[in-house]
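Residue numbers (this note's numbering), protein chains in the order written: chain A, 229 to 612; chain B, 229 to 612; chain C, 229 to 612; chain D, 229 to 612.
Don't take every hint at face value.
Same chains, same label: a pair holds when it works inside one copy or across any pair of copies.
[Stated by the list, open to error] With a straight-line Cα cutoff of 20 Å, these simulated SDA-like cross-link-like pairs (lysine to any residue) come out:
(1) LYS282 with HIS398
(2) LYS573 with HIS320
(3) LYS579 with VAL557
(4) LYS506 with ARG272
(5) LYS605 with PHE451
(6) LYS506 with ARG494
(7) LYS455 with ASP434
(8) LYS605 with GLY452
Since the hints were made in silico from the structure, they are not lab data.
Protein chains: 4
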Amino acid sequence: MRKVCIVVGSRANYSSIKSLMAAVQGHADLELQVVAMASALSDRYGAVYQHILKDGFPIDARVNMLLEGETPTTMAKSTGLGLLELPSVFDHLEPDVVVTVGDRFETIATAVAAAFMNIPLAHTMGGEVTGTIDESIRHAISKFAHIHFPASEDARERIIRLGEDPETVHMVGCPRIDLVAGILNNARVKSSFSPDNLGGVGDPIDWDKPFLLISQHPVTTEFGDGKEQILNTLKAASHVGMQALVLWPNSDAGADDIARGIRTYREMGLAVNMHFCKNLPVDTYIHMMDKTACLVGNSSSGIREGAYIGTPVVNVGSRQDGRERGQNVLDVGYGVDQIESAIRKQVSIGKYSMDPIYGDGTAGERIADILSFATFKIQKQITY
Amino acid sequence: MRKVCIVVGSRANYSSIKSLMAAVQGHADLELQVVAMASALSDRYGAVYQHILKDGFPIDARVNMLLEGETPTTMAKSTGLGLLELPSVFDHLEPDVVVTVGDRFETIATAVAAAFMNIPLAHTMGGEVTGTIDESIRHAISKFAHIHFPASEDARERIIRLGEDPETVHMVGCPRIDLVAGILNNARVKSSFSPDNLGGVGDPIDWDKPFLLISQHPVTTEFGDGKEQILNTLKAASHVGMQALVLWPNSDAGADDIARGIRTYREMGLAVNMHFCKNLPVDTYIHMMDKTACLVGNSSSGIREGAYIGTPVVNVGSRQDGRERGQNVLDVGYGVDQIESAIRKQVSIGKYSMDPIYGDGTAGERIADILSFATFKIQKQITY
Amino acid sequence: MRKVCIVVGSRANYSSIKSLMAAVQGHADLELQVVAMASALSDRYGAVYQHILKDGFPIDARVNMLLEGETPTTMAKSTGLGLLELPSVFDHLEPDVVVTVGDRFETIATAVAAAFMNIPLAHTMGGEVTGTIDESIRHAISKFAHIHFPASEDARERIIRLGEDPETVHMVGCPRIDLVAGILNNARVKSSFSPDNLGGVGDPIDWDKPFLLISQHPVTTEFGDGKEQILNTLKAASHVGMQALVLWPNSDAGADDIARGIRTYREMGLAVNMHFCKNLPVDTYIHMMDKTACLVGNSSSGIREGAYIGTPVVNVGSRQDGRERGQNVLDVGYGVDQIESAIRKQVSIGKYSMDPIYGDGTAGERIADILSFATFKIQKQITY
Amino acid sequence: MRKVCIVVGSRANYSSIKSLMAAVQGHADLELQVVAMASALSDRYGAVYQHILKDGFPIDARVNMLLEGETPTTMAKSTGLGLLELPSVFDHLEPDVVVTVGDRFETIATAVAAAFMNIPLAHTMGGEVTGTIDESIRHAISKFAHIHFPASEDARERIIRLGEDPETVHMVGCPRIDLVAGILNNARVKSSFSPDNLGGVGDPIDWDKPFLLISQHPVTTEFGDGKEQILNTLKAASHVGMQALVLWPNSDAGADDIARGIRTYREMGLAVNMHFCKNLPVDTYIHMMDKTACLVGNSSSGIREGAYIGTPVVNVGSRQDGRERGQNVLDVGYGVDQIESAIRKQVSIGKYSMDPIYGDGTAGERIADILSFATFKIQKQITY
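Please construct the entire structure, taking both the sequences and the accompanying hints into account.
In structure tokens:
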């Protein structure tokens with residue numbers, strides 16, 4: 229039995245790896261180990277660890293690493309904390325392969341710890357191009373990883389151009405699409421879908437009428453601008469006049485700015501017909517993406533899951549720069565007017581047809597299968 | 229005045245960056261900041277911090293990060309400690325650019341800290357190809373760095389193939405060659421060169437007769453084999469029958485194995501005509517490279533400085549795999565016989581002629597100059 | 229010039245040491261160094277570091293140490309982080325004496341760091357008796373401290389009974405009373421006092437009518453009970469029917485429970501005539517204590533500053549157990565009815581007369597003076 | 229089954245707690261958990277973890293916390309590292325009671341972690357009086373501990389005077405005496421005792437002739453004086469002219485000074501008739517104490533085990549100041565002449581008769597028994 233240790237560091241991480249966790253758990257030759265860390269342990273960020281347990285997965289170790297105060301300094305220090313504690317965890321769990329997901333700041337801690345300890349490192353969702361520090365983190369992790377599972381064709385090519393051995397690069401599609409497919413096709417889930425008890429604060433949403441879904445995160449390289457950015461988006465939504473469900477940001481540096489912007493808007497009494505939620509269960513979020521008149525903000529889900537679902541998306545600012553995207557995405561800057569007219573345009577177009585550029589819903593199974601028989605070459609060497 | 233913060237983590241680091249430190253200190257538009265960390269603070273590894281101060285440089289901060297016990301686990305944890313503490317240092321010093329050198333484990337801590345904090349990161353000696361985990365570290369740092377100073381032409385090309393903007397990649401030669409040139413051409417230094425008070429233990433060396441210079445470090449990806457590897461090298465040297473000066477290893481994972489091998493050889497009474505030193509001043513080491521009949525082991529100095537000096541080198545094992553090399557280097561495996569016959573061959577050939585593939589002795593000045601006027605683009609993006 | 233390094237870790241800490249900071253800054257033979265750490269650096273806990281700077285004090289170093297998620301585990305880990313980083317700070321600042329205040333969890337990090345490094349440690353507010361883990365921390369710090377500044381006579385006696393040399397124990401009164409005296413006697417401050425722009429959320433307060441002041445913190449040894457405890461207090465206040473100003477809790481383990489209780493009460497629509505503030509400037513808080521009909525909760529300020537001001541106090545639960553108190557304090561358990569009837573009784577009695585058992589307003593000056601000439605014996609030894 | 233988690237941080241720690249480990253392992257109502265940390269994990273300090281495993285005990289977690297470079301700064305930082313990682317360990321192991329031993333720097337990390345996490349803390353060997361920072365650490369730990377197992381009668385009284393509840397203080401004797409009794413009374417061990425393969429370096433010892441045993445550790449509060457102190461002791465031993473077995477120091481701040489002193493003496497060729505060992509198995513050390521003509525230095529074993537065995541001891545300097553001692557100990561300062569004449573006097577007196585002031589050999593059994601039924605009051609309060 230190969231021990232596959234999956235490190236989950238945030239709620240976005242969890243949706244990106246849940247189908248692989250299930251596939252590893254169900255594979256005859258694999259044993260699942262789960263490490264929950266960073267914001268996945270935080271009640272402020274949706275208590276992801278509780279969802280993991282509720283979904284029937286084990287949590288073999290917990291790594292508290294998030295320092296209070298989301299600044300670039302604390303983000304770097306938090307990563308140091310993770311790197312300080314993960315080696316003890318790996319020593320204890322003795323995994324045969326470690327899986328790290330994507331490009332958030334805590335993933336580099338996982339990558340360095342595993343690679344330094346001569347444990348084979350698998351990386352999902354590498355090879356993509358975006359803005360923020362994630363851009364550097366993602367490619368640096370590719371240089372540490374021993375096996376790669378990119379989510380799209382151009383990501384696969386990019387990893388190979390980075391000097392990685394093509395035999396170690398497997399294009400499998402995106403595991404988040406696995407979830408989406410499962411959720412949208414599952415009649416039982418569909419019938420039990422009820423957005424009525426979302427929790428959160430603010431005005432109620434009338435689910436029989438069209439609504440906007442707003443999800444905007446801080447851009448780490450534009451630290452300090454987050455408050456104004458979210459305020460512009462909220463204003464644009466108010467101008468459009470449609471009711472809106474607004475999600476709180478994740479734990480990147482600058483999240484406090486976004487949160488402050490949201491609070492300011494509320495306290496000023498401007499958040500009419502807006503409802504604010506800390507976090508949504510993945511199922512609910514996917515159904516919201518399926519039902520919303522338009523998703524507004526800078527979440528990668530608009531580009532990725534949105535392509536599969538056909539969600540009309542207004543993508544604001546630089547956070548998703550360079551990421552491969554389908555027809556459903558309309559890119560705009562941070563100006564109120566730009567955002568407003570883009571929302572109006574997308575609402576008038578309505579639902580797009582399905583575009584599976586990020587996968588066909590079988591990524592998790594395929595990764596698990598490859599991990600069950602792959603051989604790993606610990607001593608890497610660039611191909612040129 | 230631009231504040232250039234140079235992070236020094238080991239004695240090898242220091243020789244690789246000393247000429248840049250002098251050039252920054254002497255530049256009208258630059259201010260030098262020095263952070264000493266990791267084995268540069270350790271008396272066991274030659275008290276490099278004392279050399280830094282004695283050479284007239286400041287030490288603005290010290291980062292104790294080395295955990296006892298050189299295993300892969302502690303190497304990873306030590307890096308975490310560095311990454312935990314460097315952000316506080318950078319917050320305090322507020323550098324305009326941070327310089328990290330080469331590819332040792334502590335350099336990734338410097339790179340991540342600076343990049344996460346949106347401080348421009350300069351990287352020297354990137355783009356080379358070697359064995360050990362350094363291979364991954366070096367290329368990962370390139371993905372974080374905002375400006376690159378490779379030491380050779382093929383290194384420059386490799387960094388560009390990694391997707392770095394060519395305008396940020398400056399081939400300047402190797403700063404270690406600057407030192408070598410300075411030392412070998414300085415008459416005063418030459419006359420004061422006296423290997424008689426090296427310190428250390430073991431039999432004395434007769435400097436009027438030919439001698440071998442042995443410098444062999446652990447290979448992190450071959451953890452556990454170090455003791456046998458050094459024992460083979462020592463046996464080969466004994467078979468050749470020439471007196472030998474043996475240096476202790478640096479602080480990579482596995483250094484204890486090498487040290488144990490050396491101690492075992494001594495306690496067994498086999499170390500005849502061998503002298504053992506903890507560390508040599510750079511000046512002394514370069515003169516030794518100039519005078520030795522053959523340098524044996526796996527130090528990068530054989531390939532790099534050796535090309536400029538013309539030192540006959542027997543390079544043992546995988547540690548320098550893939551590094552560009554001149555005619556002066558003869559590569560062999562770990563077998564006693566192989567090493568012995570390679571030494572005999574190199575001794576019979578004698579001194580090689582100079583080959584400046586790693587630079588012409590002006591790297592430090594050129595880097596300082598470029599740093600004084602370069603503009604940095606904090607938001608990186610891969611070029612393909 | 230003796231360098232006196234004062235470590236400030238929270239807003240309560242700051243009010244307890246501000247007068248000493250001013251006295252050190254104004255003393256001819258002393259130089260002030262300030263280290264801000266833990267919740268003093270957190271915007272969530274009132275951005276104390278900004279108050280420090282605005283008040284004209286330097287901040288010589290910042291130690292980010294608070295881990296997300298206020299559990300006993302993270303409280304212990306945060307203390308470890310502080311202890312990991314403070315030695316670097318002390319190495320850099322080279323203080324002649326380090327001052328730690330009171331008994332919060334981060335203070336033991338300061339105490340251990342200084343004592344281990346052979347730096348004389350001064351401790352204020354030792355020798356008192358309370359509940360929670362603070363009880364152990366406070367006495368443990370006394371065993372590390374080289375000079376003691378208790379705030380009351382029985383605290384002085386207790387420190388001596390702990391085996392401390394009586395010559396090192398100086399009863400000076402409480403520095404928080406210095407602040408209180410200054411604020412209440414300063415006509416300019418008085419005239420500028422305006423509670424109208426408190427910020428915060430909830431119903432407005434009519435300052436011309438009587439109001440309750442509620443400040444209730446988690447009890448670390450009753451972890452998990454905080455939500456119910458605060459709900460009971462809020463219910464009791466609602467029963468009394470008087471308008472109330474409610475303060476958010478500090479960052480001890482369990483603060484999230486209290487915050488959740490407050491939010492629950494608000495969301496249920498029960499918080500009628502209640503206003504909620506994150507933090508009050510010290511000046512405002514003291515004036516509130518002077519004006520309130522009754523202070524309710526478990527803040528030490530009720531006992532300490534309350535004695536001097538004559539504030540009627542209802543002290544709820546075990547958090548202040550064993551602390552010496554004046555006539556102005558009425559102790560009750562966690563029951564709604566108990567709290568309600570105690571509030572009614574205190575309101576009917578009204579303001580008490582001044583009782584200076586915690587000092588006469590000159591503690592800061594006296595401590596600074598003693599620190600300027602004291603000799604410290606680094607090697608401590610218990611007196612029996 | 230109560231889970232008893234014993235934290236072992238050094239070789240001295242291990243001898244002080246081994247009999248309790250065996251007693252817990254053999255107790256029907258107790259389950260043994262072992263955490264190995266600090267120098268117990270270091271090959272440089274005798275690889276204590278290997279002895280633990282060889283003796284049939286489990287190691288449930290390992291905490292690497294020792295920073296390179298034994299200075300006061302790194303000692304404090306190492307303690308911080310321990311405190312950062314122990315909470316994760318306790319979270320994972322969920323012990324019902326944590327046992328910390330004595331007063332070395334790492335023990336305060338164990339004490340703070342357990343107490344902050346509301347886990348009952350048991351402390352052995354508290355209440356004694358010595359020099360160095362251990363004096364403060366020991367009493368501070370008493371203020372955190374929920375149950376106390378002092379090794380002598382006056383230690384018991386001192387803990388009670390510190391304000392601890394007498395019902396929580398159990399005088400059981402010293403567990404190290406349990407080992408001594410076991411070793412000296414075990415015929416099989418006795419017959420297998422052979423000092424011939426000690427390892428180490430230097431001149432051989434003729435075990436049929438009288439020999440000195442030298443064990444001298446750094447005094448943390450006299451940091452920097454260690455080299456001269458050990459040199460004086462070695463000179464005094466040379467003057468006496470008797471062969472001597474010299475042990476390397478433990479990992480306190482200043483150990484490098486002692487090691488340097490020893491190396492200097494050897495390199496100067498003065499170490500005639502002296503043999504140097506890194507570490508002795510406990511069995512061997514006890515037999516050495518039974519056979520030596522005189523134990524010289526500042527090891528606590530001279531006072532404690534020495535009383536039971538009757539070893540003539542010359543106790544040098546301040547390290548054991550205040551510790552209760554028997555007739556077998558002669559105290560002297562650091563002067564060469566003083567030490568020399570004290571050694572001569574002790575040698576002429578010879579073996580002392582047994583004095584069981586530190587216990588009768590049943591401490592481990594008694595502690596295990598009490599731990600199996602004790603009730604713990606988590607909220608401590610000083611008794612006065």
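Between the shortest in-copy and the shortest cross-copy C-alpha distance, which are at most 20 Å for LYS506 and ARG272: within, between, both, or neither?
both (8 Å within a copy, 17 Å between copies)
LYS455 and ASP434: within-copy, between-copy, both or neither at 20 Å Cα
neither (28 Å within a copy, 32 Å between copies)
Indicate which option fits the pair LYS573, HIS320 if close means a Cα-Cα distance not exceeding 20 Å: within, between, both or neither.
neither (54 Å within a copy, 49 Å between copies)
Could you place LYS579 and VAL557 in one of the four classes (within, between, both, neither) given a Cα distance threshold of 20 Å?
within (11 Å within a copy, 66 Å between copies)
When no copy is named, should LYS282 and HIS398 be tagged within, between, both, or neither for a Cα gap of at most 20 Å?
So LYS282 and HIS398 fail the 20 Å test inside a copy (31 Å) and across (46 Å) alike.
Treating 20 Å as the Cα threshold, decide for LYS605 and GLY452: within, between, both or neither.
between (43 Å within a copy, 18 Å between copies)
With identical chains treated as interchangeable, where does the CA-CA distance between LYS506 and ARG494 reach 20 Å or less: within a copy, between copies, both, or neither?
This pair counts as both: shortest intra-copy Cα distance 15 Å, inter-copy 17 Å.
Classify it for me, LYS605 with PHE451: is the Cα-Cα distance of at most 20 Å met within a copy, between copies, both or neither?
Classified as between; 15 Å across copies, 39 Å inside a copy.
When each numbered hint is compared with the structure, violations occur for hints 1, 2, 7.
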